[in-house]
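Line by line, the protein sequences are chains V and U.
In this text, residue positions in the first sequence follow this note's numbering: the first is -6, and each later residue adds one.
In this text, residue positions in the second sequence follow this note's numbering: the first is -6, and each later residue adds one.
Just so you know, these hints were derived from the structure itself, not from any lab.
Be a bit skeptical, because a hint or two may be false.
A pair counts as met if it fits within one copy or between any two copies, since identical chains are not told apart.
[Stated by the list, open to error] The calculated SDA-like cross-link candidates involving lysine to any residue, where the alpha carbons are at most 20 Å apart (straight line), are:
{"no.": "1", "residue 1": "Lys181", "residue 2": "Leu131"}
{"no.": "2", "residue 1": "Lys275", "residue 2": "Gly212"}
{"no.": "3", "residue 1": "Lys241", "residue 2": "Arg230"}
{"no.": "4", "residue 1": "Lys328", "residue 2": "Thr316"}
{"no.": "5", "residue 1": "Lys324", "residue 2": "His139"}
{"no.": "6", "residue 1": "Lys164", "residue 2": "Asp83"}
{"no.": "7", "residue 1": "Lys317", "residue 2": "Val261"}
{"no.": "8", "residue 1": "Lys(-2)", "residue 2": "Ser179"}
{"no.": "9", "residue 1": "Lys44", "residue 2": "Gly20"}
{"no.": "10", "residue 1": "Lys174", "residue 2": "Pro94"}
{"no.": "11", "residue 1": "Lys58", "residue 2": "Gly40"}
From a predicted model like this one, the values you see are computed outputs, not experimental measurements.
Number of protein chains: 2
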Amino acid sequence: MASSKAKVLLFGGGGVGTITALNLEAGGLTSVTAVLRSNYNTVINKGFDIKSCDHGTVSGWRPSKVLKSIPLTSEEKFDYIVCTTKNVPDCPPTLAELIAPAVVPGHTVIVLVQNGFNIELPMFKAFPDNIVLSGVSLIGSHEVQHGVIEHDDNDRSFIGPFHNPRLDPAKEEAAAKEYVKLYSASGKCSCEFTDDVPFTRWRKLIYNACLNSICALTGLDTGRLRLADDLVDSLVRPAMEEIRAAAKANGVELPADVCDFMINLDPVTMYLPPSMLGDVRKGNYTEYENILGEPLRAGTALGVPMPTLTVLYHLLKAIQWRTKEINGVVKIPPKESFVAK
Amino acid sequence: MASSKAKVLLFGGGGVGTITALNLEAGGLTSVTAVLRSNYNTVINKGFDIKSCDHGTVSGWRPSKVLKSIPLTSEEKFDYIVCTTKNVPDCPPTLAELIAPAVVPGHTVIVLVQNGFNIELPMFKAFPDNIVLSGVSLIGSHEVQHGVIEHDDNDRSFIGPFHNPRLDPAKEEAAAKEYVKLYSASGKCSCEFTDDVPFTRWRKLIYNACLNSICALTGLDTGRLRLADDLVDSLVRPAMEEIRAAAKANGVELPADVCDFMINLDPVTMYLPPSMLGDVRKGNYTEYENILGEPLRAGTALGVPMPTLTVLYHLLKAIQWRTKEINGVVKIPPKESFVAK
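Please build the complete structure, drawing on both the sequences and the hints.
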């Protein structure tokens, strides 16, 4: 019985990953092995404590199997590797390097439930014969302490193939639809197949490239950002219109009301901190290169003026540099004293 | 003997104000009464401990008189009120309201040793018959704890009159030159008279509107900002060129090399935190309206494109709003729970 289940390796057991695992196993068609890092010991000892707007309160829950590191293909062959970690290409090791040991060439389907643009390209390069799927998630779920998950905004996602020119589009599409079936089986989420990944990605960037970036730089969550003076009109909307123009230049026509939709996506009084603000607060690296840098380069390369996002990008780059310095990745000359000379 | 000295009321005994008081009294022509706020008790008990690149190490120093609040003109009449506090017009009480009790109409000369643009206008309005002088200081001096001053970059300043159309320019000029005499008497600083205050103000804005703002938003001091990747070229220089263009539109021609001069003003390894970064770190209000908002409005009103500074301005406005919320000055609706609904 268990052997007939699809075998999923989940990489990243934070707020999004844990709900992904819970929902996949709730559907009954999937067996999930989770690779955990910071919360491994907690989850081994006590399991996850989850308060979920979709799944209710669940205590001491664990996926079928919990590992401390990526397994080798010689140990177990997975049908899917679902990646829900942060994706920070400017701070090695890269995601492709991390998951490589578990990828069975030509078999394992890689699902990137991650933010940003062009994130499939390093996968195509490292795993040229593997199907790579795009997962665009609108979930609100946070690990508030190790193993404790608060899931307060419904799990809605769009799955579709990243088209790899080397592979058969029909097989890519079939793999995406199969994953949607596995993920939808719980009946507790909204998971749609999309054959237009660029559209769903650019659409999500309206939120991420703008709200994530501005919140990370100002320390304000999305609720406060909407309450504070005229910030939505002076900063958020101009930034979003730049993404919409970049999308258009790249062949993706986003509707004019997409900006209002994304601004009003979450209730104000949820005071939702976008992931990048959470990262800055925790002193973690941010995904600014995938979330902001890639769409900025894709737009400016085609001549789209993106003055707002250009400034946000360089400010976030400076903050990433600061985090690298704190982590000892970049070194600077020692401070000299100029006092009482 | 003491009665022949000029009577200065100093408002603001932080890093800049304390060195200002020390230098004025060192010159022997001035008697300084300092109004202290946060460090009043410390200075009353122990005096200031100062390490100064201009004055050497000085322990337990106090100006002639130390007060806890602005005195009334009925208590003492001052020849000068020298203001070295932060100037935050968007967070009342305003500077004019604070110093009003000590201003003798038509007599007291008000010296604003403060950053920013258009700071004389509220003074002209509140004190129409008083001469107002501009002090542009390039000093590096910080109060590292209450009463402890580290002065590590030489005291260089430019004094000149803010021209009030109601007053006699010759008298304004004479007052400025008199103050330069008092301030230069120590022989330990560089204090120059300038008859072109707009030039010195716009020149200083090249530093303040740009380095202050970018450092405050990124958490980097000026040394790190120069070491971090390509931040000087990608962000600092474009911002500075926008100020230079705004100055030009307002009739002030700054030399092309002023940007490089300001970028390289302090040694990298001093790792100097501009005042606004210090304010953000301490959770204080920043002077972003005078330092960035006023020149931005002065430039854009004349059609100068200032895309970089526009974004920096709105981000700093958001941070000011956050500080106001933390201080209880703005109120927001309570957080609602959306978990396990």
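Evaluate Lys328 and Thr316 at a C-alpha cut-off of 20 Å and name the case that applies: within, between, both or neither. within (18 Å within a copy, 30 Å between copies)
Up to 20 Å CA-CA - Arg230 versus Lys241, copy category: Result: close within a single copy only, 16 Å intra versus 30 Å inter.
Between Lys164 and Asp83, at a C-alpha cutoff of 20 Å, which is it: within one copy, between copies, both, or neither? neither (32 Å within a copy, 61 Å between copies)
Between Lys275 and Gly212, at a C-alpha cutoff of 20 Å, which is it: within one copy, between copies, both, or neither? both (12 Å within a copy, 15 Å between copies)
Checking Lys58 and Gly40: alpha-carbon separation at most 20 Å within a copy, between copies, both or neither? within (11 Å within a copy, 66 Å between copies)
Is it within a copy, between copies, both, or neither that the alpha carbon of Lys44 lies no farther than 20 Å from that of Gly20? Classified as within: same-chain Cα gap 18 Å, cross-chain 69 Å, threshold 20 Å.
Measure nothing new, just compare the shortest in-copy and cross-copy C-alpha distances for Lys317 and Val261 to 20 Å and report within, between, both or neither. between (33 Å within a copy, 19 Å between copies)
My question is about Lys181 and Leu131: at a cut-off of 20 Å on alpha-carbon distance, are they close within one copy, between copies, both, or neither? within (14 Å within a copy, 63 Å between copies)
If the cut is 20 Å between Cα atoms, do Lys174 and Pro94 qualify within a copy, between copies, both or neither? Answer is neither: 27 Å inside a copy and 76 Å across each miss the 20 Å cutoff.
Please work out whether the CA atoms of Lys324 and His139 approach to 20 Å or closer within one copy, between two copies, in both situations, or in neither? neither (31 Å within a copy, 32 Å between copies)
Between copies, within a copy, both or neither: which fits Lys(-2) and Ser179 at Cα up to 20 Å? within (14 Å within a copy, 86 Å between copies)
In the structure shown, a violation is registered for the earlier hints numbered 5, 6 and 10, in ascending order.
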